[in-house]
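J.: Okay, here's what each chain looks like letter by letter:
2 protein chains.
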Amino acid sequence: MSDNNTSTKFRRPPKTQAADIVQDSPAIILVEPQMAENIGMVARAMLNCALTDLRLVSPRDKWPNPRAYKTASGADVVIENAKIFETTADAIADLTQVYATTARARDMTKDVVTPRAAAAEMHTFIDQGTQCGVLFGREAVGLHNDDVALADSLINVPLNPAFSSLNLAQAVLLLGYEWFQDTVERPDTVDEVRLDTRRANKQELQNLFEHFEHELDNCGFLGYADKRPKMVRNLRNMLNRARMTEQEVRTFRGIISGLVNGRRV
Amino acid sequence: MSDNNTSTKFRRPPKTQAADIVQDSPAIILVEPQMAENIGMVARAMLNCALTDLRLVSPRDKWPNPRAYKTASGADVVIENAKIFETTADAIADLTQVYATTARARDMTKDVVTPRAAAAEMHTFIDQGTQCGVLFGREAVGLHNDDVALADSLINVPLNPAFSSLNLAQAVLLLGYEWFQDTVERPDTVDEVRLDTRRANKQELQNLFEHFEHELDNCGFLGYADKRPKMVRNLRNMLNRARMTEQEVRTFRGIISGLVNGRRV
Numbered sequence: 031m032s033d034n035n036t037s038t039k040f041r042r043p044p045k046t047q048a049a050d051i052v053q054d055s056p057a058i059i060l061v062e063p064q065m066a067e068n069i070g071m072v073a074r075a076m077l078n079c080a081l082t083d084l085r086l087v088s089p090r091d092k093w094p095n096p097r098a099y100k101t102a103s104g105a106d107v108v109i110e111n112a113k114i115f116e117t118t119a120d121a122i123a124d125l126t127q128v129y130a131t132t133a134r135a136r137d138m139t140k141d142v143v144t145p146r147a148a149a150a151e152m153h154t155f156i157d158q159g160t161q162c163g164v165l166f167g168r169e170a171v172g173l174h175n176d177d178v179a180l181a182d183s184l185i186n187v188p189l190n191p192a193f194s195s196l197n198l199a200q201a202v203l204l205l206g207y208e209w210f211q212d213t214v215e216r217p218d219t220v221d222e223v224r225l226d227t228r229r230a231n232k233q234e235l236q237n238l239f240e241h242f243e244h245e246l247d248n249c250g251f252l253g254y255a256d257k258r259p260k261m262v263r264n265l266r267n268m269l270n271r272a273r274m275t276e277q278e279v280r281t282f283r284g285i286i287s288g289l290v291n292g293r294r295v
Numbered sequence: 031m032s033d034n035n036t037s038t039k040f041r042r043p044p045k046t047q048a049a050d051i052v053q054d055s056p057a058i059i060l061v062e063p064q065m066a067e068n069i070g071m072v073a074r075a076m077l078n079c080a081l082t083d084l085r086l087v088s089p090r091d092k093w094p095n096p097r098a099y100k101t102a103s104g105a106d107v108v109i110e111n112a113k114i115f116e117t118t119a120d121a122i123a124d125l126t127q128v129y130a131t132t133a134r135a136r137d138m139t140k141d142v143v144t145p146r147a148a149a150a151e152m153h154t155f156i157d158q159g160t161q162c163g164v165l166f167g168r169e170a171v172g173l174h175n176d177d178v179a180l181a182d183s184l185i186n187v188p189l190n191p192a193f194s195s196l197n198l199a200q201a202v203l204l205l206g207y208e209w210f211q212d213t214v215e216r217p218d219t220v221d222e223v224r225l226d227t228r229r230a231n232k233q234e235l236q237n238l239f240e241h242f243e244h245e246l247d248n249c250g251f252l253g254y255a256d257k258r259p260k261m262v263r264n265l266r267n268m269l270n271r272a273r274m275t276e277q278e279v280r281t282f283r284g285i286i287s288g289l290v291n292g293r294r295v
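If you read the protein sequences in the order shown, they are chains A and B.
Sequential numbering from 31 applies to the first sequence in my numbering.
Sequential numbering from 31 applies to the second sequence in my numbering.
Keep in mind that the hints were calculated from the coordinates and are not lab data.
Some hints could be false.
Identical chains blur together in the list; that is why a pair holds if it fits in one copy or across any two.
[Claimed, not checked] Below are the DSBU-like pairs computed for lysine-lysine, each with C-alpha atoms no more than 30 Å apart in a straight line:
1) Lys92 - Lys257
2) Lys92 - Lys260
3) Lys260 - Lys100
4) Lys257 - Lys100
5) Lys113 - Lys92
6) Lys232 - Lys257
7) Lys232 - Lys260
8) Lys232 - Lys100
9) Lys257 - Lys113
10) Lys232 - Lys92
With the sequences and hints as input, model every part of the structure.
T.: Below is the structure:
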């Protein structure tokens, strides 16, 4: 989790060039962010999710800001390409579909969607050539109603209703995460890590079973005739569940021999 | 996003009492966390997602720590209930299904699942009374292979492969977020039918490992000092994958003794 390699397979080729990404991923618009450190953390979260179009509406701290670079942890490309606007309206002028993130129920008639649903919608919009963006409010107070009114839909993150407050970068991360998941080919399960070996085939397992049971007969472990068939089935089930590699089968057979040969020492 | 009200509907009533939550949600285990501030941020992310069972393995900073309270932003209940352990094995002794978060492909044969798939599995396990937990490594270097070997499966977060490094609290947040989202759609089954027994917990497995390795040392199978650590990890991985019942653990220990005691005949 804390280093840079993954073996994830992608439906689309991963895009790490800012120029590519900006064209077909949502803009993240921070409205009046107060602390440059938070903008840096947002930049990092964005690049984690292959988002690079960062827009700042009237940031309080001067921009560009070295404290943002520090907390961006290497996501400099996002910081360097950030655009500054005076008003929210200016920042979203070139976009067509805009979401406003808010935990508060507003006195407005607007769709409310989860990050997951918003991500799916945005992929559809962007595939059709419709540019999208997401508004995030300032750290303590969120978005003003005037900003929310500019958006097409609200995004509400389902979280513990007794403790739902996220910091700015975490809110961006969850939205970006859902966006990125929707670009990845997601096997429900797995994909196992198997280097330089392969799963044992059934013949190899059968040979292991027979070797194992032979030695268990020899030492008397399977001695009670009436229970033997059930015990053998249970052992085979257990070994099958381990989905052993052929290397592991050989190791396990070596172990059986090792334990048995100890007798001769 | 930054205030406390949501209008989200939940299939289950939200649970905000720590006593309720601890019983039926996964444990979050931080292995050798370095900074108390990060533990506080993890506590906050956990409570956002209604998780409260925080376990710390050998934290570097003294505990409890006022800097953790500060960054927890009110998630004091998580901090106050955090438990301290000396080893990872101790911290997971009462758990049955354990995941290790890692970005690196390990030289081990283990399932790799996404946070979403892990969340779905854990809901099913916990509904069946099987206690679950997730291991997170220390900030810079992640988990050691010896910790990973204690886990049943790996969790890998699909993120921008060119920039996938998350901080600790963000990694916990993504896992917790998926846990919390998974209140609607769940796979019908995950595990095998198990009658009249239960899965072995980690303490029972640990005892088995030690018994097994003791006898393998005795018979000389683990005799080459330089290869021993890797061989031990591989064996533990293989046995973990078998997801043994406590009955099977007892049987397997009986087999080891049977093979060894055969020497005296």
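J.: My question is about Lys260 and Lys100: at a cut-off of 30 Å on alpha-carbon distance, are they close within one copy, between copies, both, or neither?
T.: Intra 41 Å, inter 39 Å, cutoff 30 Å: neither.
J.: Using 30 Å as the alpha carbon limit, work out where Lys232 and Lys257 are close: within a copy, between copies, both or neither.
T.: Answer is both; intra-copy 24 Å and inter-copy 28 Å each pass.
J.: If the cutoff is 30 Å on CA atoms, where do Lys232 and Lys100 land: within, between, both or neither? Let me know, please.
T.: Result: close neither inside a copy nor across copies, 34 Å intra and 41 Å inter.
J.: For Lys232 vs Lys92, is the C-alpha pair at or below 30 Å within one copy, between two copies, both, or neither?
T.: The answer is within: 27 Å in one copy meets 30 Å, while 53 Å across copies does not.
J.: When Cα atoms must be at most 30 Å apart, do Lys92 and Lys260 count as within-copy, between-copy, both, or neither?
T.: Close neither inside one copy (33 Å) nor across copies (53 Å); limit 30 Å.
J.: State whether the alpha carbon distance between Lys257 and Lys100 is at most 30 Å within one copy, between copies, both, or neither.
T.: Close neither inside one copy (45 Å) nor across copies (42 Å); limit 30 Å.
J.: Between the shortest in-copy and the shortest cross-copy C-alpha distance, which are at most 30 Å for Lys113 and Lys92: within, between, both, or neither?
T.: Within one copy, since 13 Å is at most 30 Å while 43 Å is not.
J.: With 30 Å as the alpha-carbon cut-off, assign the pair Lys232 and Lys260 to within, between, both or neither.
T.: both (20 Å within a copy, 26 Å between copies)
J.: Evaluate Lys257 and Lys113 at a C-alpha cut-off of 30 Å and name the case that applies: within, between, both or neither.
T.: neither (34 Å within a copy, 44 Å between copies)
J.: Measure nothing new, just compare the shortest in-copy and cross-copy C-alpha distances for Lys92 and Lys257 to 30 Å and report within, between, both or neither.
T.: neither (36 Å within a copy, 55 Å between copies)
Hints 1, 2, 3, 4, 8, 9, counting from the list given before, are not met by this structure.
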